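Assemble chain F onto chain S, guided by the hints.
The residues making up each chain are set out below.
There are 2 protein chains.
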Amino acid sequence: MSVSTTLRVEKEKLEQYVMEVFQAAGLSEEHSSIVAKHLVLANLRGIDSHGVSRVEIYTKRLDLGVTEKKSKVNVVKESPASMLIDGGNGLGIVLATKGMEIAVKKAKETGIAVVGIKDSSHCGMLADYTMYAAKHDCIALATTNAPSSMAPWGGKVGYFGTNPFSYGIPAGIEHDIIFDMATSVVARGKITLARKNNQSIPLGWAITKEGRPTTDPFEAADGLVLPVGGPKGYGLAFLMEVLSGLLTGAAFGPYIASLYKDLDRSQNVGQFFLVMRADLFEELEQFKERMDQMIREIRNIPLAEGFEKIYLPGEIELETTVERQTSGIPLSVNILNELEAVGRRYGVRYSL
Amino acid sequence: MSVSTTLRVEKEKLEQYVMEVFQAAGLSEEHSSIVAKHLVLANLRGIDSHGVSRVEIYTKRLDLGVTEKKSKVNVVKESPASMLIDGGNGLGIVLATKGMEIAVKKAKETGIAVVGIKDSSHCGMLADYTMYAAKHDCIALATTNAPSSMAPWGGKVGYFGTNPFSYGIPAGIEHDIIFDMATSVVARGKITLARKNNQSIPLGWAITKEGRPTTDPFEAADGLVLPVGGPKGYGLAFLMEVLSGLLTGAAFGPYIASLYKDLDRSQNVGQFFLVMRADLFEELEQFKERMDQMIREIRNIPLAEGFEKIYLPGEIELETTVERQTSGIPLSVNILNELEAVGRRYGVRYSL
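As they're listed, the protein sequences go chains S and F. Using our numbering, read the first sequence as starting at 1 and increasing by one per residue. Using our numbering, read the second sequence as starting at 1 and increasing by one per residue.
So that you can see chain S by itself, here it is in the shape it has in the complex (with noise of 0.2 Å):
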């Protein structure tokens, strides 16, 4: 297989692009924007699994009206602390942006909060969330079920999804702390894109449907995603199950249609937001000063062989933002020409 050719485009020209695709496909003009902004953030920091390459997908459901154009939050319960929403089969990312900010206004006036959201779909990239948080001086723990992709440790067919967790702190001079794992080795994304860009996989991210370890992508996308550390990793995917689907009241395990197979119907996935002032307990300087310090000192440790650098929780992230937002996003031949594809269904001009 061959890795294919990438262009570099600049962030503000593709956020405009995917933002009337989407506009043109039926979304509002608000709606547009906080999806075509959250997918190209997801390319700017790197995790192009969840970017622009999801656009296609995206339309292709509310073209079929297995997804609503119209995301809107609907409340099933509420306290001063905590509250549901029925995502009425929205769009993942519309709901979860607007779940966040209900979590970190709740929590700025009770301490803490949680919001749950069910019947939403596939809300991108966590981390998104969870940095709006931290912007706003909260501690953040957001997490999401997803379709089964992932054997309970011991089985061999899939029951969890990928699971992902991710968590954001907020620091003073130093950048905020912004964490977004897969409970799976990884993100299912990269498999998805791999075979959108012929690229083979590491051995160790996935197994066939026989349960046989495997590079290629197009056999992975057929079988089993494996979770971080056996048991472990299978434990949090149990807990984020729980949190995201059990809780709230969403599909769980198989149950959760799959974004690209299950064209028919309703993804019903869960998502949960929990959302806490970093000054719940201390003054909020003394919070920053002492993220500061345990940023700067674990900076400054000694490195270990083959090492060229301690990052903190999304470092990695941070620097291919910076980089990328002067050099532009790229994009592989094969992501731009489904894009163009894409604008062109609906008439909207090939702009990148």
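It is possible that some hints are incorrect.
[What the hints assert, rightly or not] What the simulated footprint calls covered on chain S by chain F, stretch by stretch (three residues with Cβ under 8 Å from a Cβ of chain F suffice, anywhere in the stretch; the number is not a length): (1) 22 to 29; (2) 88 to 97; (3) 155 to 169; (4) 224 to 233; (5) 242 to 255.
To be clear, the hints were calculated from the coordinates, so they are not data collected in a lab. Computed from a prediction, not measured in an experiment: that's the story for all the values here. Backbone N, C-alpha and C define an ideal beta-carbon position, used for all residues, glycine too.
Quick look at chain F alone, frame taken from chain S:
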């Protein structure tokens, strides 16, 4: 190195003896009972690293006056959904037990609650606390920081502790799900126990202080443990440090005193408990039915090669508990000798 002989001891006898020892060491009857039950529960669950092998060091610190005999819940800050406790350098197990009780009580009233404890000490096995919450129909997350023994990913000097994380989730007819993991490949206590029992440790658990892989528990105890899943375990350890240490105002990173080595000062460990009602969004019965369904479906998944059973998170510990309740708790002669010697110090008749 040879494995030392083990004897089986009845749970009740062990609890009684350990309780007498702690009373003789100056703890109240109530607190002695809390500590004895906690340690024996750890042994029952097979977490021997956090069981009665800790009696010697806990009592030594009490005798030296570097842990206070009276553990008091000093409320520093309180809201309906949160409490910050100053542990006043009391026994971590007593403080954490009280802290979780308060968190559950508050969550029952407000839906969700957070309790932080600063100036605490080693609090044993987190699963004890999350089990309590699950029994009270709550979902609980618990964490604590710990003396530095793990380098940030890419470094060769310790900064974080093994920073464990536990959760408890109530089920219906099925057993509650209780998960407890170190963010290192293994808990440091497993290395301490291997040392006491003259056993070697598997490769991959730890490195020497020079950064060399080792199977020698003595070298490992002087060296560092490795984070689970590399950068992912590092990212999780970072979060646990922030929640336990920075948020609460406890010490963090290398500023936490070692339980074993720093016999001249308090540890200033922090603990963090987050509790939600399981019926925060859905009816309790519905939540529990869905939990039972998920548990049964996971159990029925076809087995991967090399596995004989799919365990739910915490189920191995549950099976061990049942077995040890019937057949007794296996303790090495080394540990029994240690327990006898501690009793002798206080004039407590050895009865195991």
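Status of the hints after comparison with the structure:
1. 22 to 29: violated (count 0)
2. 88 to 97: violated (count 0)
3. 155 to 169: holds (count 6)
4. 224 to 233: holds (count 5)
5. 242 to 255: With 9 residues in contact (Cβ-Cβ under 8 Å with chain F), the coverage given for the stretch 242 to 255 of chain S holds.
Figure legend: structure checked against the earlier numbered hints; hints not met, in rising order: 1, 2.
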